[in-house]
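Q: Chain by chain, the residues:
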Amino acid sequence: MLLLATVPGLAVLLTFHYLPLLGNVIAFQDFQPYLGILHSPWNGWTNFEVLTSGDPQFVTALGNTLVIMLLQIGVVFTVPIALALLLDSLVTERWKRIVQTVLYLPHFLSWVIVVSIFNELLGGSGPLNTFLRRHDLATFDIVGNAAVFQELVTGQVLWKEAGWAMILFLAALSRIDPELYEASSVDGAGKARQLWHITLPGLRSVIVLLLILRLGDALTVGFEQILLQQQAVGVDASEVLDTYVYNHGVVMGDWGVSAAVGLVKGLVGVVLVLGANKLAHAFGEPGLYQRSPR
Amino acid sequence: MLTRRTLLRGAAAAAVSGPLLAACGDGGADNQNTTERNQGVRLPAYAPSTVVKPDLPGNADGLLDAFLSYPDPPVQQFTGPPLTGGTVSAFVLTGSPVPPPKENNPFWQELDKRLGTELKLTITPSAEMAAKFSTLITGDDLPDLIVPALFLPNGVPAGIGNLPQWMATKCTDLTEYLGGDAVKEYPNLAAISTAAWKQCVYNGGIYGVPVPRGVAGTLMFRRDDIVQKVGADPDPKSFAEFRDFCRKVTDAKANRWAIVNAGGLMFLVQQMLGGPNGWRWDGAKLTHQVESEEFRKALSDVVAMYKEGVVHPDSFAGNAPTKRWFNAGEAVLTADRYTAWPQYYAENVAGPAFKISGMRPPKYDGGGWAPTWQSSAGATNNFTVFKKADKGRVKELLTLCNYLAAPFGTAEFLFRRYGVAGTHYTMQNGGPVYTQAGVTQTALGVRYIVDAPDAIFIPGNPEATKTSYEYQKAVIGTSVPDPVIANGLFSDEWSRKQPVLGGIVNNGQNDIIAGRQPLTYLDEMIKNWRSQGGDKVRQEFTEQLQKLGVK
Amino acid sequence: MKALKALLLTLCCALVVVPFVGIVATSLSTREQIVREGGFVIIPDQITFAAYEALFTGGVVPRAVGVSVFITAVGTALSLTTTTLLAYGLSRPGSLGHRPVLTLVVGALLFTPGIIPGYLTVSTLGLLDSYWAVILPAVVSAFNVVILRAFFMEIPAELVESARIDGAGDWQILTRIVLPLSKAVLSVIGLFYAVGYWNAFFTALLYLNDAAKWPVQLVLRTYVVNQQQLGVDQVGAGSLPPQEALQMAILVISIVPILLVYPFVQRHFTKGVLVGAVKG
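Protein chains in written order, with this note's numbering: chain A, 1 to 294; chain B, 295 to 845; chain C, 846 to 1125.
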């Protein structure tokens, strides 16, 4: 009976996800769109060679990806939580709503717009630097500066997504029993203790869940965002896995290579998700999969 | 269309260019796309149009006709619609915001009426062409006319493997309809230059109709009004004087720099040095621009100039709005195509004082002008292929194309480009000026199916038209082509690897100019370029040049 | 402490508000000022609605907004229904076959199909040029299923058990207990879906050949991404609203509808929903 409820959703997943997923066999083909999957020549593991060739550029790309990922997980998880807590502690309902609405606005801008806003405002001829130059001050060199590119990218993600990421935490906060707070203040607990003993535990399972889900996508960091800014800072500072594949495969219309990398990323995701899930269980968290039926 | 400017933005102009989607092929046994076969194609016999007389005539070197005003009244070339009923479907690209759908689009409705058929268009933004095209060709339900002009989202032409093979299996070889004198049946197609038709040759046949452009390519635009105000000599006589010019017009505190980007500097300084346009062929050895001594010298000069701060500080940014900087006077020079000339006038905010012209490159050490580079994309913007169809249908489509290629000065051209007088444009000072409805409704992308030869015409500004014409006239005689383009060479490796090789040059050059790498990095860059495919490309081209006996 | 909090939040808001004021201001500015100020105006010295007039008289934008509203409304309704059912079906561990189904869902999260196979599926089903081509493939997001399931599972087992003892079936448990307790997360998931449909442009690009059917985000993209290209062949467009203003205006238009929806979602973020239910 319960399984019956899953049928419509499963049907959609099978039709529009798993069926075309079979198309990923082109990872083992020299795929030519006009020949189609059936007639394109097979080429074994050739498409995976970009990943195994040990090209120093690939190593750079992988390194950058990991650094940016860590930065993003670090910042893009903590700031929204902090924001959610901050907001939650606001007294007036009206202000709460206004602030929330304002903060989630940037989520609706496409990367093209976000990048151009950053460039216009912080660029060498933008209002900030124009002001500094007119007053004979040192210019604020952040856009197009390879040395701080990874921080800039993270900052942009934060600006665009922090308010949006906060929403789920707010929903989770709403489920915490207010009586717990009342009881603990009767016991004389301070705000800090309440945060530590009530609020964070209340958020913990959501945080863990989101972290695990993010890990599944760990090797994906802002493709369009980075591609748009690559010229300005050079490849060494900005090449990530997705742009590497793009620059080395897709640019030449090489669909097989991008499918191959997609598969590998999926596999890495599986390993990370399963591993993180195990870890979560070890700490007594439900994680993604419930351990066993109750 | 979009390629050259975008490439210049970062740098490495000629390095990445070449015929759009020049031939590919996997070199297998079924590969019909060989230089031998392509050289043997009977191209359409050229018969320039005599329908309209230009105010300032072009010439055989590639100088375009110029018009000081739109002929009034315009010449009516056709008496009735080219087709009688039916539908014609086309896959086209557009660089403009999407136009209103047919039921809200009087221009489109009127176009249908004048063409005598229902035109069904799949309009795709140029930035998304590569993805859309790849899916389109996996299906078998192709439109009648297809524009296979592919660009990556950053405006670089996308390499697509085996495009010629796709054309061989799915598209019509137009040679029997257009080759030699056969084209005379379609006089407006016969008026398209041979150089443009060359870009439509694949698999030993004519596989499309071109959208022609002038061969003059890119030039260095200069804000004459600002130069005059600053009091600099607008025409430096050597590199040293040019550097002084740049220093003089730069005033960072006033938000003004000499040039929009370092790529433009590379472009100009290489020309001063007489560097190769794309490739250099000395009869025995083929050298790519990047490997030349001129490139090295130009790079070191540009590095020094960049350090001095004469280049706009945000120039390396992706999507840098260089046109706006130039119009705003944030930069005095910008390298752009001829077709940008009217646009700068249309969008200028400096008022009537606004004046631009082309800056000719002097010889590096003085003593006259240096030759300029011809367009790196040949004489076309793009071309359009025909889905395989029976003879009668192909002839119908060619009749339609003949109509759509009615030359500048005709009533058909005026309608096709500008719409209906009063509704879509108004005549001001002898030139049509769009209304709001005109801008949005006419952006159907029909002009990318086929077009008449380009003409120099800056609406409502005969003086500017004359300046543009005179500049082109002055440089075209001595301008140098890319030998690879001029000889119609094809290299499979080149067509596939062009974006990658271009990327190596572009990134390396940017790294060096921005100071992230020392000048010596150039050697590593060249080594990279050669090993990633450059040497193979050279070999393929060299064999062909030798076979053709080019000296 | 309070002052510090207020200061922090004000600062955060300012970081967002300033660029957004710029977006609105630029959409209302003249070409002269936009060019003079480098493309981005914070304080317009002269307000003109020319860009908005141009967009609304062109006929493209109002229609595209309508299309987007339709796709978003229908899609979100479908998505919420199927996702709730799927997540609920998976939320009672031990039910038959729940493990392989869950694996399928999580697998969908990790492996994404390519563009071409996706296109072939849609075209084989005969959905090309139909709004369903944009809606159906996006109906179930594995991410949302996993989230929703996790929230469902946190509902105290005692509640469910006592209902069962009272003779409620699975269906009644879902509608009477689970759903009312999950208002907050359901509104969030609904918002996620709605925003997903609202922002979708790539599937629309691939599956909708007829530009008359394009949603507002795809139309917006033709204004934004082609920014550099625009005008190259649009000779004589000088008297018209500048490109930057048009871009920003259509951006504003595309954001307003979703802004209007948000307060309704937010209403459900009130504390103590669960508690009340447990007591009751």
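Simulated from the structure, these hints should not be mistaken for lab results. For each residue, glycine too, the CB sits at the ideal point set by N, CA and C. Please note that the accuracy of each hint is not assured.
Stated by the list, open to error - Between beta-carbon pairs, the in silico distance windows are: (1) A:L137 - B:K531: 32 to 40 Å; (2) A:T15 - C:V862: 53 to 61 Å; (3) B:E470 - A:E49: 41 to 49 Å; (4) A:L14 - B:G374: 54 to 62 Å; (5) B:P400 - A:T78: 54 to 62 Å; (6) C:A859 - A:L4: 50 to 58 Å.
To be verified - Pairs of lysine-lysine residues, derived as DSBU-like cross-links and limited to a Cα-Cα distance of at most 35 Å, are as follows: (7) B:K464 - C:K1058; (8) C:K847 - A:K191; (9) A:K278 - C:K1028; (10) B:K531 - B:K760; (11) B:K830 - B:K657; (12) B:K547 - B:K649; (13) B:K682 - C:K1058; (14) C:K1058 - B:K414; (15) B:K347 - B:K601; (16) B:K685 - C:K1058; (17) B:K478 - B:K414; (18) B:K396 - C:K850; (19) B:K681 - C:K850; (20) C:K1028 - B:K407; (21) B:K601 - B:K657; (22) A:K96 - C:K1028; (23) B:K681 - B:K396; (24) B:K464 - B:K414; (25) C:K1058 - A:K96; (26) B:K689 - B:K464; (27) A:K191 - C:K850; (28) C:K1028 - A:K191; (29) C:K1058 - B:K689; (30) A:K96 - C:K847.
Q: For every hint, state whether the structure bears it out.
A: Comparing the hints with the structure gives:
For the pair L137 (chain A) and K531 (chain B), the supplied restraint of 32 to 40 Å holds, since their beta-carbon distance comes to about 38 Å. For the hinted restraint 53 to 61 Å between T15 (chain A) and V862 (chain C), the CB-CB distance of approximately 44 Å leaves it violated. Distance hint for E470 (chain B) and E49 (chain A): a CB-CB separation of about 44 Å, consistent with the stated range 41 to 49 Å. Between L14 (chain A) and G374 (chain B), the C-beta spacing of about 56 Å keeps the proposed range 54 to 62 Å intact.
The supplied range of 54 to 62 Å is met by P400 (chain B) and T78 (chain A), whose beta-carbon atoms lie about 56 Å from each other. Our hint of 50 to 58 Å for A859 (chain C) and L4 (chain A) holds, since their Cβ atoms are close to 52 Å apart. With a C-alpha separation of about 28 Å, the suggested pairing of K464 (chain B) with K1058 (chain C) holds against the 35 Å cut-off. Distance restraint check for K847 (chain C) and K191 (chain A): the Cα-Cα separation of roughly 12 Å lies within the 35 Å cut-off, and the hinted pair is therefore satisfied.
The straight-line distance between the Cα atoms of K278 (chain A) and K1028 (chain C) is roughly 30 Å, inside the 35 Å bound, and the hint therefore holds. About 23 Å separates the Cα atoms of K531 (chain B) and K760 (chain B), which keeps this hinted pair within 35 Å; it holds. Between K830 (chain B) and K657 (chain B) the CA atoms are separated by roughly 33 Å; this keeps the pair inside 35 Å, and the hint holds. With a CA separation close to 23 Å, the supplied pair K547 (chain B) and K649 (chain B) stays within the 35 Å bound.
Of the supplied pair hints, the one linking K682 (chain B) and K1058 (chain C) holds, its CA atoms being roughly 28 Å apart against a limit of 35 Å. Of the pairs offered as hints, the one joining K1058 (chain C) and K414 (chain B) holds, with about 14 Å between alpha carbons and a cut-off of 35 Å not exceeded. For the proposed pair K347 (chain B) and K601 (chain B), the alpha carbon gap of about 50 Å is over 35 Å, so the pair is violated. Between the alpha carbons of K685 (chain B) and K1058 (chain C) the distance comes to roughly 34 Å, so the proposed pair stays at or under 35 Å and holds.
Only pairs whose Cα atoms come within 35 Å are accepted, and K478 (chain B) paired with K414 (chain B) is accepted, the gap being roughly 28 Å. Simply put, K396 (chain B) and K850 (chain C) have alpha-carbon atoms about 55 Å apart, too far for the 35 Å limit, and the pair is violated. Between K681 (chain B) and K850 (chain C) the CA atoms are separated by roughly 66 Å; this puts the pair beyond 35 Å, and the hint is violated. For the hint linking K1028 (chain C) to K407 (chain B), the alpha-carbon distance of about 56 Å lies beyond 35 Å, and the restraint is violated.
Restraint check: the Cα-Cα separation between K601 (chain B) and K657 (chain B) comes to about 23 Å, which is no more than 35 Å; the hinted pair holds. Between K96 (chain A) and K1028 (chain C) the alpha-carbon distance is near 19 Å, which keeps this suggested pair within the 35 Å criterion. For a cut-off of 35 Å, the pair hint linking K681 (chain B) to K396 (chain B) stands: about 24 Å separates their Cα positions. Using a Cα cut-off of 35 Å, the hinted pair K464 (chain B) and K414 (chain B) holds, with the two alpha carbons roughly 20 Å apart.
As the CA atoms of K1058 (chain C) and K96 (chain A) are separated by approximately 38 Å, the hinted pair breaks the 35 Å bound. Between the alpha carbons of K689 (chain B) and K464 (chain B) the distance comes to roughly 17 Å, so the proposed pair stays at or under 35 Å and holds. At roughly 14 Å between alpha-carbon atoms, K191 (chain A) and K850 (chain C) fall within 35 Å of each other, so this suggested pair holds. Of the supplied pair hints, the one linking K1028 (chain C) and K191 (chain A) holds, its CA atoms being roughly 28 Å apart against a limit of 35 Å.
Between K1058 (chain C) and K689 (chain B), the direct Cα distance comes to roughly 32 Å. Compliance with the 35 Å bound is thereby established for this hinted pair. A hinted pair counts as satisfied when its Cα atoms are at most 35 Å apart, and K96 (chain A) with K847 (chain C) qualifies at roughly 14 Å.
In summary, the structure is inconsistent with hints 2, 15, 18, 19, 20, 25 from the numbered list given earlier, while agreeing with the others.
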